[in-house]
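J.: Chain by chain, the residues:
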Amino acid sequence: MSDNMVYLEEVSKKFGENYAVHKINLDIKEGEFLTLLGPSGCGKTTTLRMIAGFEKPDEGNIWIDGKQVEKIEPYNREVNTVFQSYSLFPHMTVAENVAFGLKMKKIPKSEIDEQVHRALDLVQLRAFSDRKPKKLSGGQQQRVAIARAIVNNPRVLLLDEPLGALDLKLRKQMQLELKQLQQELGMTFIYVTHDQEEALTMSDRIVVMNQGQIEQMGLPDEIYERPKTKFVADFIGETNFFEGTVKGGEGSNLYMSIGEQKVSIHNHSNIESGEDIYLSIRPERIHITQEPGNKSQDYLKVKIQDKIYIGSVTKIVASFSDGQKITAHSPYDKTLHLQEGDNLYIYWNPENAVIFPVHEKEKIEA
Amino acid sequence: MRPRTRKILLIYSVLVFMFFYIPLVVLMAFSFNDSKLGTVWTGFTFEWYVKLFNNSQIIEATVNSLIVAVITTIISTVLGVLGALVLHRYIFPGRKAISFIFYIPVVIPEIVLAVALLSLYGAMNIQLGLLTIVPGHVVFATSFVILVLLARLAGMDNALEEAAKDLGANEWHTFWKVTFPLLFPGILAGALMAFTISLDEFVVAFFTTGPGSNTLPVLVYSMVRRGVSPEINALSTILILLIIFFVSIVGWRMMRADRKGGEV
Ligand SMILES: Nc1ncnc2c1ncn2[C@@H]1O[C@H](COP(=O)(O)OP(=O)(O)O)[C@@H](O)[C@H]1O
Ligand SMILES: [Mg+2]
Chain P
1 MSDNMVYLEE VSKKFGENYA VHKINLDIKE GEFLTLLGPS GCGKTTTLRM
51 IAGFEKPDEG NIWIDGKQVE KIEPYNREVN TVFQSYSLFP HMTVAENVAF
101 GLKMKKIPKS EIDEQVHRAL DLVQLRAFSD RKPKKLSGGQ QQRVAIARAI
151 VNNPRVLLLD EPLGALDLKL RKQMQLELKQ LQQELGMTFI YVTHDQEEAL
201 TMSDRIVVMN QGQIEQMGLP DEIYERPKTK FVADFIGETN FFEGTVKGGE
251 GSNLYMSIGE QKVSIHNHSN IESGEDIYLS IRPERIHITQ EPGNKSQDYL
301 KVKIQDKIYI GSVTKIVASF SDGQKITAHS PYDKTLHLQE GDNLYIYWNP
351 ENAVIFPVHE KEKIEA
Chain R
1 MRPRTRKILL IYSVLVFMFF YIPLVVLMAF SFNDSKLGTV WTGFTFEWYV
51 KLFNNSQIIE ATVNSLIVAV ITTIISTVLG VLGALVLHRY IFPGRKAISF
101 IFYIPVVIPE IVLAVALLSL YGAMNIQLGL LTIVPGHVVF ATSFVILVLL
151 ARLAGMDNAL EEAAKDLGAN EWHTFWKVTF PLLFPGILAG ALMAFTISLD
201 EFVVAFFTTG PGSNTLPVLV YSMVRRGVSP EINALSTILI LLIIFFVSIV
251 GWRMMRADRK GGEV
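Residue numbers (the UniProt record's numbering), protein chains in the order written: chain P, 1 to 366; chain R, 1 to 264.
Errors might be hidden in some of the hints.
[Unchecked claim] The following residues of chain P were derived to be distant from chain R, with all beta-carbon distances above 12 angstroms:
id	residue
1	Glu59
2	Ser87
3	Pro108
4	Arg126
5	Gly237
6	Ile310
[Stated by the list, open to error] With a straight-line Cα cutoff of 20 angstroms, these simulated SDA-like cross-link-like pairs (lysine to any residue) come out:
id	chain 1	residue 1	chain 2	residue 2
7	P	Lys106	R	Asn170
8	P	Lys106	R	Lys177
9	P	Lys56	R	Asn170
10	P	Lys105	P	Gln115
11	P	Lys262	P	Ser319
12	R	Lys177	P	Pro90
13	P	Lys103	R	Lys177
14	P	Lys134	R	Asn170
15	R	Lys177	P	Thr93
16	P	Lys105	R	His173
17	P	Lys105	R	Gly43
These are computed hints drawn from the structure, not numbers from a lab.
On a predicted model such as this, the values are computed, not experimentally measured, just so you know.
Where is the CB? At the ideal position from N, CA and C, for every residue including glycine.
The following block holds chain P by itself, in its conformation from the complex (with noise of 0.2 angstroms):
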C-alpha cells in the first residue's frame, strides 16, 4: 500500500451504538514522529488500539508495512505499545521486563543479555537491571516501558500518552528525550497525547481528532497558524474568536464588524459577503498602542479590564464598546504603563487572523 509505514483507511469502530472511531483515514510515513491529539474521549486510544490489534475495526481496512492486518493477532504485528499506565510485569525484574518480547521471539541467550544491556542503556537505566518495577520512581518505570518496546526494534511504536502520569519538569525532560530517541533509531513513532503543547513540541506531523473523526492533519505550525476548524484553532493554543458578516467586497476589501467598527478580512478564505463567519486572532498577534497617531483608521478602539502578569508576556483583557471581550499578549515593558479602565488601540495584520464559516462542518472538503 503505497510507501506509508502504517495505513488506515475509512476505519470506524463502535462501541454498542456509538462510534468510538469514525471513518478516519491516515497514512504514516517511515521513520515519522506522528502524533494523535484531542480531547479525553475523541477516540485516540481507541486507533491505537485498533494498529496494536487490541481492537477489531467494524469498517475498514489497516495496513502496516504493506501488510494488511485485521485478520493479524497482536503478538504477530510487529508494532509495540508503551502503555498509558505503563503495565510492566510486577513479578519480573527490569531486565526480565525487557526481556520478555526477545524470549518470546526465542532469540539466544547471549544476545539478549546484549541488547537487553543496550536498551537500558539507552534509557540510563542499566543500573536497575535487577530491582523490581514497584521498586522504582514513575519516570524511571516510563523508561523501563520504552526500553521494554524499542529493544524489540518494532517497525512502528505506539505510545498512549506516555508521560500523562508524570509532573511538568519530568514531563518536559521526557519529551525531549524521547523525540531524541527517535531520531536516533529512525522508528516510526505513533503518539498519542490530549497535551497540544507536547504535540507541537514533538511530532513531525499531528492529527487533531474531535468526536472520533479527525478534524485536521498538518505540520505542527501549519496547526497552529492555520487551523481549518475552529475546533482546531480552539483546542490548540489561545484565541479570541468573533462572530460575524462579511461586508464589503466587489473591487473593495472585506470586512467584518466587531462592535461598531470594522476589521479587514484577508482574502485567501474562500469567504464572500453576505457570509457568517467566525475570525479567530491569536494573542500574541495582536499589537497594542494608546498612541494610534494618524493610522488611527486600522486601530481598533478597546478598554482595557485586566492587566495580568503570567511571566514571559503581560496578559491584558479589553472590551470593546458592546462588551465582547479580547486578550493579547506583549512584551512586559510594553504594559508597563498601562492601567486598568484606560483606552487602548488594537490593530492586527488581516493575515494572521483566521476566518471560519459558521457553518463549518459544509466547508472542511474546501
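Add chain R with the ligands to chain P, keeping to what the hints say.
T.: This is chain R with the ligands only, laid out in the frame that chain P set:
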C-alpha cells in the same frame, strides 16, 4: 487515643483472644495428661501419642481424610481457576446469574447438600464408598476457590496480559508467563482453603461415605460419643500444630511476596 480507651481496648482484645484460644490450649495440655478421665491434671505423659500411632482405626481414617482432601483440592483448584478466569474475562449473557450460582454453596447448609447427594446416589444406584464424599466436598471447595481468585483477578491489571501479547506472547505464553504467576498466590490460598475445608468437613462426609471408610472427623465423632479420650486430644494437638505450620508458611511467603512486589 485517650489512655482509658486504650486500656479498655486492650482488656477487650485479651478477652477475645482468651475466648478463642483457651480451649485449644487446655486441649493441648490435656493431651499430655497422665489421667484417663482428662479432667484433673495428674502428671505428664506421651502415652496418648504412642497409643494414637498404634491405633490402626485412626491411622486409616487419617489416610482416608488425606486421600479425599487431596483429590478434592486438585479437582476444585483446577475447576475454580478455570471458572474464575471465564467469569472474569468473558462477558456473556447470564454471567451475573452464573456467578451467583457459584456463591450458593458458600451459604447453603451442608446438611441440604448431603441429603441431596445421598438421594442422587440412591437414584443412580451408586454404591457409597470413600470416593462418594469427593463430589460434595468439591462443590463447597470450588466455590471458595472461585471467590478467592475472583478477588485476586479484580485486583489485577488487564493491561498486563495485553502488554504480554503486544510483546509477542501468544495466548499460551501469556497465560503461563504472566497470568499464572500473578494469580499464583491466589491459587495457593484457594488450594489451601479447599484442603482444609475437605479435611475437617463432617456432615457431607458422614452422610455420603460408605460403611467402613470413615474420614477423621467421622471417626472422631463416633469415638467421642463414648467420651472424650485423651487420644483424641493428642490427635487434635497434632492437627493444630500442622495447620499452624502450613498457614504460617503460606502467610510468610505471601507477605514476602508483597514486599518484593508481587513475586512468589
Ligand atoms: N471498551 C470500551 N467499551 C465501551 N466504550 C468504549 C470502550 N473504549 C472506549 N470507549 C468509548 O469510546 C470513546 C473513545 O475512547 P478513547 O479511544 O479511549 O478516547 P481517548 O483515548 O481519545 O480519550 C469514548 O467515548 C469511550 O467512552
Ligand atoms: Mg486515551
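J.: Against the earlier hints, flag every one the structure doesn't satisfy and list their numbers going up.
T.: Checked against the structure, the hints that fail are numbers 2, 14, 17, while the rest are satisfied.
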